[in-house]
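Residue numbers (our numbering), protein chains in the order written: chain Y, 201 to 420; chain D, 440 to 793.
Among these hints, one or two may not hold up.
[What the hints assert, rightly or not] Listed next, the stretches of chain D that the computed footprint assigns to chain Y, with coverage defined by at least 3 CB atoms under 8 Å from CB atoms of chain Y:
#1 573 to 585
#2 663 to 670
[Unchecked claim] Only part of the chain Y face toward chain D is listed, based on derived beta-carbon distances under 8 Å:
#3 Asn256
#4 Ile274
#5 Gly278
#6 Gly280
#7 Tyr281
#8 Phe358
#9 Gly360
#10 Thr362
#11 Asp367
#12 Ala370
#13 Asn371
#14 Ser373
#15 Gly374
What the hints contain is simulated information worked out from the structure, not anything from laboratory work.
Note that beta-carbon positions come from the ideal geometry of N, C-alpha and C, so glycine has one too.
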Amino acid sequence: MTGYLSFFSDQAALLVRLTVGHILLSVVAVVISIVIAVPLGAWIGHLHRGSFLVVNAGNVLRSLPTLAIVAIVIALFGFGYVNITVALVILAFPLVLTNTFTAVEGVDPGTVEAARGMGMTGWQILTRVELPSSIPLMMSGIRTSWVYVVATAYLATFAGATGTLGDVIANISGYGLTGVLAAATVSIVLAFLGDALLGLVERGLTPTGLALAQRAPATT
Amino acid sequence: MSTTISGARRRRRMSLVGSVGLAAATALLLAACGGGGSGGSSSTTSAAAPAGGATAVPPDAVSVTAMTGQHPLPAGKPGVGKPVVIVGDKNFAEEFLLGQLYTQALQAKGYNVQLKPNIGGSELINTSFASNQINMYPEYLGEIVTSVAKQPAPTSASATYNAANQFIQTQQGTLALQTPFQDVDTIVTPSAYAQQHGLQSVGDLGKVGPGGQGVTVAGPVEFETRQTGLVGMKQVYNLPNLGFLPAQAGSQYQALDQGSAQAADAFSTDYQLLSNKYTPLTDPKGVFGYQYVAPVIKQATVQAQGPEFEQTLNWVSSLLTTQAIQAMNQQVQGNGADPAAVAAQFLNANGVNK
Numbered sequence: 201m202t203g204y205l206s207f208f209s210d211q212a213a214l215l216v217r218l219t220v221g222h223i224l225l226s227v228v229a230v231v232i233s234i235v236i237a238v239p240l241g242a243w244i245g246h247l248h249r250g251s252f253l254v255v256n257a258g259n260v261l262r263s264l265p266t267l268a269i270v271a272i273v274i275a276l277f278g279f280g281y282v283n284i285t286v287a288l289v290i291l292a293f294p295l296v297l298t299n300t301f302t303a304v305e306g307v308d309p310g311t312v313e314a315a316r317g318m319g320m321t322g323w324q325i326l327t328r329v330e331l332p333s334s335i336p337l338m339m340s341g342i343r344t345s346w347v348y349v350v351a352t353a354y355l356a357t358f359a360g361a362t363g364t365l366g367d368v369i370a371n372i373s374g375y376g377l378t379g380v381l382a383a384a385t386v387s388i389v390l391a392f393l394g395d396a397l398l399g400l401v402e403r404g405l406t407p408t409g410l411a412l413a414q415r416a417p418a419t420t
Numbered sequence: 440m441s442t443t444i445s446g447a448r449r450r451r452r453m454s455l456v457g458s459v460g461l462a463a464a465t466a467l468l469l470a471a472c473g474g475g476g477s478g479g480s481s482s483t484t485s486a487a488a489p490a491g492g493a494t495a496v497p498p499d500a501v502s503v504t505a506m507t508g509q510h511p512l513p514a515g516k517p518g519v520g521k522p523v524v525i526v527g528d529k530n531f532a533e534e535f536l537l538g539q540l541y542t543q544a545l546q547a548k549g550y551n552v553q554l555k556p557n558i559g560g561s562e563l564i565n566t567s568f569a570s571n572q573i574n575m576y577p578e579y580l581g582e583i584v585t586s587v588a589k590q591p592a593p594t595s596a597s598a599t600y601n602a603a604n605q606f607i608q609t610q611q612g613t614l615a616l617q618t619p620f621q622d623v624d625t626i627v628t629p630s631a632y633a634q635q636h637g638l639q640s641v642g643d644l645g646k647v648g649p650g651g652q653g654v655t656v657a658g659p660v661e662f663e664t665r666q667t668g669l670v671g672m673k674q675v676y677n678l679p680n681l682g683f684l685p686a687q688a689g690s691q692y693q694a695l696d697q698g699s700a701q702a703a704d705a706f707s708t709d710y711q712l713l714s715n716k717y718t719p720l721t722d723p724k725g726v727f728g729y730q731y732v733a734p735v736i737k738q739a740t741v742q743a744q745g746p747e748f749e750q751t752l753n754w755v756s757s758l759l760t761t762q763a764i765q766a767m768n769q770q771v772q773g774n775g776a777d778p779a780a781v782a783a784q785f786l787n788a789n790g791v792n793k
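I would like the entire structure built from these sequences, with the hints used as guidance.
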C-alpha cells in the first residue's frame, strides 16, 4: 500500500506525462468518432431508413476485440499513433452512431409533424427540432464512448505508440503491481472526470424546454 | 530482479498468441509471406551445419557443452528394465520440442520415460522438480539462476552453468551438459541496414549516430525497463540515444519490415532468422545473459538409470545447434506442425534407431 502511494510521488513526472498523452489520444479518438458518427446517425435517423443496417453494423464493430484490431491495423497502417487512433475510433464510433440514430429516430412524431406544419424544411426540422431533442441520448452515447476509450487507450503500447498510461499498465515487470495499479487508478479517474465534464456539457446543451419537460413528470 | 521478466516473457510468448487468435493469424500470415522460402528444407540438412558466428559456444563454456560430433549415441537398448522416469516440459512451443526430443531419444534406447508436457513457467516446473513430481526437465540455465534462484545474472556462460548447477544440487539434482544453442534475447537488424552501417555487434549501433541516435529498437514493452534489455544496452554499450518502439513478441519483425524500427529484440532461436533478411548482432559484453539449455535431472535418477542415460541426453543436446532448433521452430511455430512429429523426424534423421 505504501508502495502504491509512493509511486504517485516517486514517478509523478512520468505519470503526468503519460496522463497528458493518454488524454490527448482519447480526446482525438472520441472527437473523430463524433465528427463521423453524429452526422451519419442524425441523417439516418431523420430519414427513418437503414436502421437495420446501422444497428447491426454497429454491433459487429463493437464486438471486435480492440487488441485484434490493433494487430490487423499494424498490417494496414503500421505501428504508431495512427494505428491506435483507428482502433479506438472503431471502438467509440458505433456507440455514438447508434445512440444518435436512436435518439433522432425516436423524436416524438407529433413534434416533427407540428414543425413540418409550421413550414420548416427537412434541414430545419433536423437542426432545430430533432437534434436538440436528441441531445440527452446522444450525449449518453458520447459519455459511454469516452469511458470505453479511456479504459482501452492503454493498448497504444501494443500498437507501437508510447506516451500513454499503457507504458506502465502493460509493463508489470518493469513497474511492479503497484505501478500498474497506480496507472490504472489514474485511468479510472480520467474516465470518471471526463464523464462528469461531458455531463455538464450535456446539461448546457439540452434545450430549456426539454429539460423542463424531463423534470415535469417527476413532480406530477 | 530484472530477469524474472525474461521468464515472464517466455511464458507470454505463447499465451498472448493464444489469446489473440486473430492477431496471431495476421502475424503468421505476414511472417509467412515475408520470411518463407527455407520452410521445406527441414532439420536434417541444417542439423549438420555449424552454428553461426553470432551464436558460437564461448570458449569458457566448451567444457560444459555437449559439442556437436563429440557425443556418440550409446549402442543397443541399455534402458530396458530400468525404473520409470517422468520428464516435464514448460509452457511454450520450443519447450514442447525439447521435451519430445529428450523423451523420444530415451524411449528409443529402451528407457521407460513418461512425458508431462506444458507444466508451466520456470518457477512452477522447478517446484514440480523439487517436490519429485518430475525426475527431469529441460531448462534454460539463465532462467534457473535469475528467475528461480533469484540470483543476479552471471557474466559468463560457464559461470551461468555453474551457478545453475549449484542451485540444482540443493534440490538433489544435477545438470547434464548444455546444448550448443541458446535461446537468448538478441538484437536483430535488417541485413541491408547492417551492411549499410557495418553492424556486427550491438555496440556498432553507435556507428549509425552518436550514442545510437537514429536507431529505434522494437521490443516487448517490458524490454524498455529491463536491465537485461534496453537499460543494459544503453549503459553497457554507451548508446543513450536509442529510441524504443513497443511491439509484441512476433510483431517486432513486422516493425523492421515496415521501417518503423531499425533494430528489434528477438529470440536467438526465432525461425525468422533462418532467412538472410535479418542479421543478429553479437552481444560480446553479455548484456542479455546466457540461456543455454541443459536437462535438469535428479541425482537418484542418474544413478538408477546408469551412464548410458546421460550419454543419450548428451547425444541429443550435441545435435541442437542454433540452426537445428530454428529449423524445428519453423516447422512447429511457423507451419503449425506437431512437436512430437518434428522431434521424431529430427531424431530419425540423425540415426537414433541405428
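Hints versus structure:
Coverage of the stretch 573 to 585 of chain D by chain Y is violated [criterion: at least 3 residues with CB-CB distance below 8 Å; count 0]. Counting residues of the stretch 663 to 670 of chain D whose CB falls under 8 Å from any CB of chain Y gives 3; the rule of at least 3 is met. The closest approach between the C-beta of Y:Asn256 and any C-beta of chain D is roughly 20 Å, which is over the 8 Å cut-off, so the hint fails. Here the hint on Y:Ile274 is kept, as its CB sits about 6 Å from the closest CB of chain D, short of 8 Å.
Interface hint status for Y:Gly278: upheld, as the beta-carbon distance to the closest one in chain D is roughly 5 Å, under 8 Å. Satisfaction of the interface hint for Y:Gly280 is found here, the shortest Cβ-Cβ separation to chain D being roughly 7 Å, below the 8 Å cut-off. The criterion of a C-beta within 8 Å of any C-beta in chain D is not met by Y:Tyr281, whose closest approach is roughly 12 Å, and the hint is violated. The interface hint given for Y:Phe358 holds, since its Cβ lies 6 Å from the closest Cβ of chain D, which is under the 8 Å cut-off.
Taken as an interface hint, Y:Gly360 checks out: its beta carbon lies about 5 Å from the nearest beta carbon of chain D, inside 8 Å. Residue-level restraint check for Y:Thr362 holds (minimum Cβ-Cβ distance to chain D is 6 Å; threshold 8 Å). At about 7 Å, the closest approach between the beta carbon of Y:Asp367 and any beta carbon in chain D falls short of 8 Å, and the interface hint on this residue holds. For Y:Ala370, the interface hint holds, the least distance from its beta-carbon to any beta-carbon of chain D being 5 Å, beneath 8 Å.
About 5 Å separates the beta-carbon of Y:Asn371 from the nearest beta-carbon of chain D, less than 8 Å, and the hint is met. Interface restraint check for Y:Ser373: the shortest CB-CB distance to chain D comes to about 4 Å, inside 8 Å, so the restraint holds. Using the Cβ-Cβ criterion of 8 Å, the hint placing Y:Gly374 at the interface with chain D is satisfied: the shortest such distance is roughly 3 Å.
Violated hints, listed in ascending order, are 1, 3, 7; each of the other numbered hints is respected by the structure.
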